[in-house]
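K.L.:
Listed below are the residues making up each chain.
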Amino acid sequence: MKPLGFIASATALLLVWGGIKVPWEQRMAKSQRLNAYGFSGPTTVAVREKLGQGLALAFLGGFRGLAANALMLEAHAAWENQQWVRVRSALELATVLQPRVAVFWDMAAWHLAWNAAVAAEQFSGETSETRRRMEARRWIEAGRNLLERGTQAVPEKALLFQRLGDLYWQRLQDYGSAAKWYREALSKGDAPPYLERFVGYAMDKAGDKEGALAYFQDLRGRMGKEPDPARRPEVVDREIQRLEKETHNTAPMEKKSEIRNFRGYSRKP
Amino acid sequence: MIGCLRRLLAVAGNTFLEAVRQKVFAVLLLFGLVIVGGANYFTEFSFQEQFKFLKDLGYASIGLTGLLIGLLGAAQLIPGEIEKRTILTALCRPLRRWEFIWGKYLGLLFLLGLMVGIMATAVWAVLRWKEGQLIASEGSDPAVADLIRGEARDPRMLQAVFLIGVKLAVVAAMAVFFSTIATSTTFVIAMTLMVYLIGHLQSVAREQWLESGETARWWVKSFLVVVSLLIPDFNLYNLIDEIVAGNAVHWRATLEVAGYSVVYIFVLLVAATVAFEGRDI
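These protein sequence lines map, in sequence, to chains Z and F.
Residue 65 in this note's numbering is what sits at position 65 of the first sequence, and the numbering runs on without skipping anything.
Residue 1043 in this note's numbering is what sits at position 43 of the second sequence, and the numbering runs on without skipping anything.
Derived by calculation from the structure, the hints in this document are not laboratory data.
Keep in mind it's a predicted model, so treat the numbers as computed, not measured.
Careful, some of the hints might be misleading.
What follows is a set of in silico ranges between Cβ atoms, one per label pair, in the way DEER data are often shown [said to hold, decoys possible]:
| no. | chain 1 | residue 1 | chain 2 | residue 2 | range |
| --- | --- | --- | --- | --- | --- |
| 1 | F | ALA1145 | Z | ARG27 | 17 to 23 Å |
| 2 | F | PRO1155 | Z | GLN122 | 44 to 50 Å |
| 3 | F | PRO1155 | Z | ARG138 | 42 to 48 Å |
Every beta carbon over 12 Å from chain Z, so not counted as near; a handful from chain F, in silico [stated by the list, open to error]:
| no. | residue |
| --- | --- |
| 4 | ILE1002 |
| 5 | LYS1052 |
| 6 | ALA1090 |
| 7 | LEU1127 |
| 8 | HIS1200 |
| 9 | ALA1275 |
Note that the Cβ used here is the ideal one computed from N, Cα and C, for glycine as well.
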């Protein structure tokens, strides 16, 4: 056989092996995705992000972590200089490179929805208050968008769901949504123990005192007779007492107003 | 059988010693300086982020140094021996060609294994040093101190280092294959680097070929098929990123990737042997 024949044989061997390895690779990739995301189908992370990762990977030769860290450092330096657009682009790219690192999404959202938004509202030099508020709102929405994408990329951890709840609470004053995201965070299993009380606090702040009371009572019931001190049962008891008092105080008032309304209605012909 | 093993080990030992004589271990000093210097660079971040940065830096340094050493070492295996005519003195002895190839690869593997081991120990030492530093500054709360210890002594580091080593072994086998058909070291380095980079995109090509419902032109599809069949999927080793991110990675998944790598290396070395058998020296 000529030398070229040997090379052709070697290539043929590699092609045959390729036919065996492709299904194997496909199965391993699916299994890795299943472990990471909890499902084996295509991830819900945007296609743009996937392609971005792939291209970046090709050029970085697998050293994604290093590049993402460099971007985080760049974002940090830009933050110190109040260059918010640079902060945003560096952080977005860092989360594209390493979408499974929850702290990246967390830090990125904090920079945008808190730092950049506050800077836009209070220190931008813009004279129109409406414009300042609109600009701040834009940054908050950018932070929310990042966190929502983050919860899709790291769906098994509580951290980003908790931060989304914090964002709705602290930046948008939407306590109902905050309660919803805190509940979601609690379903993940690695949520900090204090977060279970925050669902009730958020419901209370949203005006649903009856719901908050029912939630705290249920929570206290779930803690059992000898609860873990880290779950602060005494705080839950205090909240139950306070909410009972508040709901009992408002209930007669509601009754009185109902009676007044009824009387008022009855006076009408 | 024993004679064959002895010959293999003789070639492997010779390859290893040759690499050591070329002072490749001097690179380790540079690596040590990079990692220790990096340890103090991220102090304005939270300890979780500091550990993340440090681990990324450590694993990337191991990967990059190993890649360079594996690549340069493998690139000189055959073309270098042919250029220096030393291959003639080796092959005129009772040494089969396949024994020469496999022995060379084994020697390279010893070198890579030793280097990865030393570098991983250095990373571990720096993490422990950082742990002491952080506990002294932030660890007054026992819960925080436990978290710092957990980050620094994460047993999954072993999994990450193992995966890096296995990935480097595949790259080295790829370089050995190219060195059997190449006439210059530049060709081997360029081809292996290209495969290494494309390997990180192979999964995109494969999924586009197998899962996308889009009807691509025949030449696009052929390109995707060739890339999928001939190039290894280096994205499978991205479990390392999961480990650094603090996500759970089962040993079963790690061992499956290792099994895939071992079979891949075997096939590459067999292909290299076939190609080398027909080569005029």
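K.L.:
If a hint holds in the structure, say so; if it does not, say that too.
P.N.:
Do the hints match the structure? See the list:
no., hint, in the structure
1, F:ALA1145 / Z:ARG27: 17 to 23 Å, "violated (42 Å)"
2, F:PRO1155 / Z:GLN122: 44 to 50 Å, "holds (47 Å)"
3, F:PRO1155 / Z:ARG138: 42 to 48 Å, "holds (44 Å)"
4, ILE1002, "holds (28 Å)"
5, LYS1052, "violated (7 Å)"
6, ALA1090, "holds (20 Å)"
7, LEU1127, "holds (15 Å)"
8, HIS1200, "violated (4 Å)"
9, ALA1275, "violated (4 Å)"
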